[in-house]
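Construct all of the structure, not just a fragment, from the sequences and the given hints.
The sequence shown runs 198 to 626 under our numbering.
Simulated from the structure, these hints should not be mistaken for lab results. Warning: the hint list may mix true and false statements.
Lysine-lysine pairs mimicking DSS-like chemistry, simulated, CA-CA at most 30 Å apart [claimed, not checked]:
| hint | residue 1 | residue 2 |
| --- | --- | --- |
| 1 | K365 | K478 |
| 2 | K264 | K277 |
| 3 | K277 | K255 |
| 4 | K255 | K303 |
| 5 | K303 | K365 |
| 6 | K276 | K365 |
| 7 | K449 | K543 |
| 8 | K276 | K303 |
| 9 | K433 | K443 |
| 10 | K255 | K313 |
| 11 | K303 | K277 |
| 12 | K478 | K303 |
| 13 | K543 | K443 |
| 14 | K264 | K276 |
| 15 | K433 | K543 |
| 16 | K255 | K276 |
| 17 | K313 | K478 |
| 18 | K365 | K277 |
| 19 | K303 | K264 |
| 20 | K433 | K449 |
Computed spacing ranges between beta-carbons, pair by pair [stated by the list, open to error]:
| hint | residue 1 | residue 2 | range |
| --- | --- | --- | --- |
| 21 | D362 | L446 | 51 to 59 Å |
| 22 | K276 | Y497 | 48 to 56 Å |
| 23 | E319 | R538 | 51 to 59 Å |
| 24 | Y482 | H502 | 14 to 22 Å |
| 25 | N496 | S542 | 36 to 44 Å |
| 26 | N480 | Q316 | 13 to 21 Å |
| 27 | N496 | E273 | 43 to 51 Å |
| 28 | V528 | Q488 | 52 to 60 Å |
| 29 | E295 | E319 | 16 to 24 Å |
| 30 | D362 | I471 | 26 to 34 Å |
| 31 | W344 | P318 | 25 to 33 Å |
Here a beta-carbon is modelled for each residue, glycine too, at the ideal position from N, C-alpha and C.
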Amino acid sequence: MRVGCVEMEKNSSNMIHLTADSPNKPETVCIFGTGDFGRSLGHKMLQCGYSIVFGSRKAQTSSLIPKGIEVLSHAEAAKKSNIIIVAIQRDHYNFLSELTEVLHGKVLVDVSNNLKINQYPESNAEHLAQLVPGAKVVKAFNTVSAWALQSGTLDASRQVFVCGDDSKAKEMVMGIVRTLGLTPLDQGSLLAAKEIENYPLQLFPMICPIVALILLALVYLPGVIAAIIQLHRGTKYSRFPDWLDKWMLCRKQLGLVALAYAFLHVLYTLVIPIRYYVRWKLNSYTISQIQNNRTDPFNYSMGWHSDSYLALGILGFFLFILLGITSLPSVSNNVNWREFRFVQSKLGYLTLILCTAHTLGYGGKRFLSASFYRCVTIASLLEVMHQGNCLVYNYLCKHLLKGHHSAACWKAVEATVKQSVRPQHAVTS
Numbered sequence: 198m199r200v201g202c203v204e205m206e207k208n209s210s211n212m213i214h215l216t217a218d219s220p221n222k223p224e225t226v227c228i229f230g231t232g233d234f235g236r237s238l239g240h241k242m243l244q245c246g247y248s249i250v251f252g253s254r255k256a257q258t259s260s261l262i263p264k265g266i267e268v269l270s271h272a273e274a275a276k277k278s279n280i281i282i283v284a285i286q287r288d289h290y291n292f293l294s295e296l297t298e299v300l301h302g303k304v305l306v307d308v309s310n311n312l313k314i315n316q317y318p319e320s321n322a323e324h325l326a327q328l329v330p331g332a333k334v335v336k337a338f339n340t341v342s343a344w345a346l347q348s349g350t351l352d353a354s355r356q357v358f359v360c361g362d363d364s365k366a367k368e369m370v371m372g373i374v375r376t377l378g379l380t381p382l383d384q385g386s387l388l389a390a391k392e393i394e395n396y397p398l399q400l401f402p403m404i405c406p407i408v409a410l411i412l413l414a415l416v417y418l419p420g421v422i423a424a425i426i427q428l429h430r431g432t433k434y435s436r437f438p439d440w441l442d443k444w445m446l447c448r449k450q451l452g453l454v455a456l457a458y459a460f461l462h463v464l465y466t467l468v469i470p471i472r473y474y475v476r477w478k479l480n481s482y483t484i485s486q487i488q489n490n491r492t493d494p495f496n497y498s499m500g501w502h503s504d505s506y507l508a509l510g511i512l513g514f515f516l517f518i519l520l521g522i523t524s525l526p527s528v529s530n531n532v533n534w535r536e537f538r539f540v541q542s543k544l545g546y547l548t549l550i551l552c553t554a555h556t557l558g559y560g561g562k563r564f565l566s567a568s569f570y571r572c573v574t575i576a577s578l579l580e581v582m583h584q585g586n587c588l589v590y591n592y593l594c595k596h597l598l599k600g601h602h603s604a605a606c607w608k609a610v611e612a613t614v615k616q617s618v619r620p621q622h623a624v625t626s
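In structure tokens:
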């Protein structure tokens, strides 16, 4: 054990000095806590040019901190910076009440997470604001992992949710986020901190609608690709590529799986109003209005917005069920080819349009932000699709391709290809 400690001390003594010496270096940032996340965040900020000072209970035993960085007591470190990142767990917040005078007017950035969803009545950030009433508390960085900061693979967690009651304090924190190469997302006041803290603990909460819509798009996309290939070749008798042939053969199975995920999404949506957290939040909001003797006016734009995307979702789900019913052998055997083709083709495209419009309506204007399209990994793709933004890609690809072969100038060519006769090969004697 002693040998391991000696090796660690040697490694720490050989660490590269990361302190920025440029004359235009940013403001000094204080970090409370020398754990994995605190060290990783400090390491990353040093690489981006910030001066860092750590506040720790055991300043002399923090051997893993790179040389050139000050490690002081909490009170001494807080005096050297106006921005303090609190990288400690909620259970250890109590000592902050002793530093009320030192922390007065400073920006406290809470980065903590809990072990369970809704573990406490109030969020960690709100609890911190109660302990230090004179400080400006901002919630941020809780969706970024220490491993991602250490390894530099931030693509999977590039978006950083930020919320707080002081707009200037939020702007300061969002400036740090941008400097680190991340994308800040302003979530409003500190009341949103509880939702932000619950986000890292969720296990694919929005995966059902996302998968349902993606699978539905994958059902109709191979038909469009096949039509374009036929138009390009000028004949319908040329065999499709093997991957496209297999894709087209499994379209029915993809559609049924998509319908199953759509059902799960609808069931989850229906139980949201009876969840304890939703009822508690509504009651707390009502009580706060009564205590403050105020009433928020009705927002007509928000009313139209919510009703619109809900109506689109209901219509899309209704047509989705109709598609599933007509795919049953007992039903498909009782309709002619034209009726079956109308339901599976025309109503299928309408279902895809309605479901995509429902998702884009839920996302609002957020899908217009260019910052949402920087992510390319699977994990970040799920975050983006949670906002309803990557579905724009499916919508454009699907319907632009559809428009290519459904335009008037292509109709005659398509009909000629479909009605073409297999070419006769001359037989030579």
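Results for each hint:
For the suggested pair K365 and K478, the alpha carbons sit about 27 Å apart, so the restraint of at most 30 Å is met. Pair hint K264 plus K277 holds up; C-alpha atoms about 18 Å apart against a cutoff of 30 Å. A C-alpha spacing of about 18 Å is found between K277 and K255, which places the hinted pair at or below 30 Å, so the restraint holds. Taking the CA atoms of K255 and K303, the gap is near 23 Å; set against the 30 Å cutoff, the hint holds.
With a C-alpha separation of about 11 Å, the suggested pairing of K303 with K365 holds against the 30 Å cut-off. Of the supplied pair hints, the one linking K276 and K365 holds, its CA atoms being roughly 20 Å apart against a limit of 30 Å. Straight-line distance between C-alpha atoms of K449 and K543 comes to about 16 Å, which keeps the hinted pair within the 30 Å bound. Between K276 and K303 the alpha-carbon distance is near 10 Å, which keeps this suggested pair within the 30 Å criterion.
At roughly 17 Å between alpha-carbon atoms, K433 and K443 fall within 30 Å of each other, so this suggested pair holds. For a cut-off of 30 Å, the pair hint linking K255 to K313 stands: about 29 Å separates their Cα positions. At most 30 Å may separate the alpha-carbon atoms for a hinted pair to count; K303 and K277 meet this at roughly 11 Å. Of the pairs offered as hints, the one joining K478 and K303 holds, with about 29 Å between alpha carbons and a cut-off of 30 Å not exceeded.
A threshold of 30 Å between alpha carbons decides the hint, and for K543 with K443 the separation of about 23 Å falls inside it, so the pair holds. The hinted pair formed by K264 and K276 meets the criterion: a straight-line CA distance of about 21 Å does not exceed 30 Å. Restraint check for K433 and K543: satisfied, since their Cα atoms lie roughly 22 Å apart, inside the 30 Å limit. With a C-alpha separation of about 18 Å, the suggested pair K255 and K276 falls inside the 30 Å cut-off, and the hint holds.
For the proposed pair K313 and K478, the alpha carbon gap of about 17 Å is at most 30 Å, so the pair holds. Among the hinted pairs, K365 with K277 is consistent with the structure: their alpha-carbon atoms are about 20 Å apart, no more than 30 Å. A distance of roughly 27 Å separates the Cα atoms of K303 and K264; the hinted pair therefore holds under the 30 Å criterion. Distance hint between K433 and K449 is fulfilled; the C-alpha atoms sit about 22 Å from each other, no more than 30 Å.
For D362 paired with L446, a C-beta distance near 57 Å keeps the hint of 51 to 59 Å intact. Between K276 and Y497 the Cβ separation comes to about 50 Å, which falls inside the hinted range of 48 to 56 Å. At roughly 57 Å, the beta carbons of E319 and R538 sit within the given window of 51 to 59 Å. Distance hint check for Y482 and H502: the Cβ-Cβ separation is about 19 Å, which falls inside the suggested range of 14 to 22 Å.
Between N496 and S542 the CB atoms are about 40 Å apart, so this pair conforms to the stated range of 36 to 44 Å. In this structure the supplied range 13 to 21 Å holds for N480 paired with Q316, their Cβ-Cβ distance being about 19 Å. One distance hint, 43 to 51 Å for the beta-carbon pair N496 and E273, holds here, with the actual separation near 48 Å. For V528 and Q488, the hinted distance range of 52 to 60 Å is satisfied, since their beta carbons lie about 58 Å from each other.
At roughly 21 Å, the beta carbons of E295 and E319 sit within the given window of 16 to 24 Å. The supplied range of 26 to 34 Å is met by D362 and I471, whose beta-carbon atoms lie about 30 Å from each other. Checking the proposed 25 to 33 Å range against W344 and P318 shows it holds: the Cβ atoms sit about 31 Å from each other.
Of the numbered hints listed earlier, not one is contradicted by the structure.
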